[in-house]
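Undergrad: What follows is the residue order along each chain.
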Amino acid sequence: MSDIVLSAQGLVKRFGGITATSNVTLDLQRGARHALIGPNGAGKTTLINLLTGVLDPTEGRITLEGRDITRMAPHRRVRMGLVRTFQINQLFPSMTPLQTLAFVTSQQRGVGARFWQALGRDRGVTERCEQLLEQFRLSEVMDQRTEHLAYGKRRLLEIAIALACEPRVLLLDEPVAGVPAGEREEILQTVAALPADVSVLLIEHDMDLVFSFANRMTVLVNGAVLTEGTPEEIAADHRVREVYLGTGESHRPAEVAHA
Amino acid sequence: MLTILFDGIAYGMLLFILALGLAVTMGLMNFINLAHGAFAMAGGYVTVLLMQRADVPFLVCLPIAFIVPALLGAVLERTLYRPLYNKPHLDQVLFSIGLTFMAVAAVDYFVGSTQQIIQLPEWLRGRTELAAGDWRLGMGHYRLFIIAVCAALTVALQYVLSHTRFGSRLRAAVDDQRVAAGLGINVNVVFLATFAFGSGLAGLGGALGAEVLGLDPTFPLKFMIYFLIVVAVGGTSSITGPLLAALLLGIADVAGKYYIPKLGAFIVYTLMIAILIWRPQGLFSRGAKA
Amino acid sequence: MSGERAQAALLRAARWKPWEPVLWLLAFASPLLLSQYSAIVNEIAIVALFAVSLDLVLGYTGIVSLGHAAFFGFGAYSAALFAKHVMPDPLAGLAVGIVAATVLGAVASLTVQRGSDLTRLMVTLGVALILLELANKLDWLTGGADGLQGVIMGPVLGRFEFDLMGRTAAWYSLSVLLLCFLLVRRFARSPFGVSLEAIRDNRLRAMAVGIPVGSRVAIAYTVAAALAGAAGALLAQTTGFASLDVFEFHRSADVLLILVVGGTGWLYGGVLGAIVFKLMQDFLSAITPQYWTFWLGLFLVVLVLVGRDRLLKPWTWFRRGRAA
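Residue numbers (the numbering used here), protein chains in the order written: chain H, 1 to 259; chain F, 1 to 290; chain V, 1 to 324.
Rather than coming from a laboratory, the hints here were simulated on the basis of the structure. Hints may contain errors.
What the hints assert, rightly or not - Computed cross-link-like contacts, SDA-like style, restricted to lysine to any residue with a CA-CA straight-line distance of at most 20 Å:
1) F:K87 - V:K17
2) F:K222 - V:D254
3) F:K222 - V:K17
4) V:K137 - F:A252
5) V:K137 - F:K87
6) V:K137 - F:I267
7) V:K17 - H:D143
8) F:K257 - V:Q149
9) F:K87 - V:L305
10) F:K87 - V:L303
11) V:K137 - F:F266
Unchecked claim - To give an idea of the interface, some chain V residues facing chain F are shown, with a C-beta separation under 7 Å as derived from the structure:
12) A106
13) V107
14) L296
15) G297
Here the structure is a predicted model, which means the values were calculated and not measured. Glycine included, C-beta positions come from ideal geometry on N, C-alpha and C.
Bound conformation, chain H alone:
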């Protein structure tokens, strides 16, 4: 019986009169490949923001590895291994991929607060940087300022940064969003190659990706959980089909995915 590594219980988020998140309960199991789907505006990114501490919940609890992190500062959650990527690239425009990964890795290895030694002296850091740059095909552009990189490379860097944090729980927010078809493969391969003990929550619209990746799915609609289950159960659920496609359609996502 696998244990639960990240758990949200009864999460509610209200902005003035709007309820963005309505009594959401979600359990992420260790080593999970869990997908979070739902129409636009369903509150998926808001949920990620709540889990990572960018937003404070109006009600509810979040636990990570059994610890209550509901009021924990975002950077502390990262130290505990809870890492996310952003749907819209959040990068450091004036820094190069090398510098970016170097300082993130330094932070991760506990030497991030060193103020007397130049960045790059630590061998452990530079080795890991080269590894990541290789893995994400960023070696050739490692000295270019991020603001000058092509979109595909930037998306790769977005994910590389998250991996540089050595996540134990990884929240991926639409990793292939806006990436041209030819460059998706690199990202998809990296996602598929994640270590088995890393628990992954994936937000995605691309149903092919979702069905080939996930062993569990949660459907979010209007800020509330509509249903949860295995991909087969979700595909067969007529309510899900209604939400996405309206009534009267006969598409069966399961067939499309495994074609």
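Please arrange chains F and V on chain H, whose structure you already have, making use of the hints.
TA: Chains F and V only, in chain H's frame:
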């Protein structure tokens, strides 16, 4: 004590009218305009010069003190300010400080650096005393006039904002520029009109305030912090926020300077810092508009 | 994949460029070669240190501060008072000025961790104004509007007397500047320093990779305050008095301009900006003593309209269609 309250309210209302244009500019264009005080100064000097050199009566000067800075604001908005709306705040700060320096030096050069005295008309001088003893309320007629004018303006503005089409367009543009433009609202015109109007209000405030606050070339720099306090503490998402902040500021400043003259403005600054640490978005702000 | 390539690339950025030692040598030679200009060399060194300290706040951490003079002035008055009432040793006074400014900076750093650009502008301005008020009102201590006069300094390190030509003063200031500069340079190239740049570029993402943004910003701010305090102490010590204008808005605005002209985020911006600004100020003040602020204002307006990054590239000034 009541007199202090009264004076504080007069001061506060004046600050409100002076700072309102800044609040709207900040909320609408997300532009930090530290030169706002220069428009106020312009209104003040226009009034003084008209009264001294052309014998224009005080009341007639007031609308002119509104119009001249408004026109100036309209011209500057179209030519200089508009290209800078999307620039980083640092650039806006540098630019508006530069404008202020130019205005201050220009006024110093053309008019001189002495304090300007306004000769108020007879019916505005004088004082009315009510009650007696500890609860004595001394109402200077001029301050009464200020309160009346500012209150009337506030009511009128609130009406325009909530009951006219321009008002709703303005509110839409403040809430979300892109969406407003997508709805067919001519954002450029809204900006121009608002900036001009805000500058005009500042000019009117400068004219009204010349007697109370003093008028010399250093006016924009001296009072800049007060305007900024009103905006930062009051927030930019309503009219009532800055109004309450201005009143609070006015009363705190007058009371502070009266009861503890040694510390003077120190109290106001400390209060401001404390408030901003506690509520970085301002006391009355609705949303997180960082 | 031993990390050598990455290490070489990273360390390359931290290396000394060939022109740097030349610049410093010239700086130190100037009181010797141009001894009648020692006073202005001294001023430039002090302003450069002040500007470099602001670079830490603005260029590296991204905080727009309109009140950096608070720390400058606090260091100046502390050093002046120390020399007057305790002992006239310059280095001890310098240490006192630095410590005082550090404490003030640590307290003030609580105010700049949260809030929008406008909020931070306000609180930095507010702190400087409070100090100006205090210095004005506590005139029994500070001399009020007349300033603190009669600050007579002893010899530096017990040996180098402050001479009338100002050469000792210039070398003293230059030495302190160089020392501080080296320390800041090291600091800026470290993982800590780079994380500050990350905070400036994208605060949200910096938080999301585990950087404790609040405390880093506070530390950077405090260090910057210490350096500004050093500059202020130098001013009081080398000119022999401290007056209210060390706290004035003009100081904060001028140093902001200096840094912007020289360029933020590369430390030498403060040094180069100081040289340009001081020389320009001397030149223009001789022509129009009263209205120098007008030209300064005009310069600022033009600078922003043309685009800060295009200032040093005159060929781009009239090209249209460029994203500024």
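Undergrad: State the violated hints by number, sorted upward, taking the hints as numbered earlier in the document.
TA: Violated hints (numbers, rising): 1, 3, 5, 8, 12 and 13; every other hint is consistent with the structure.
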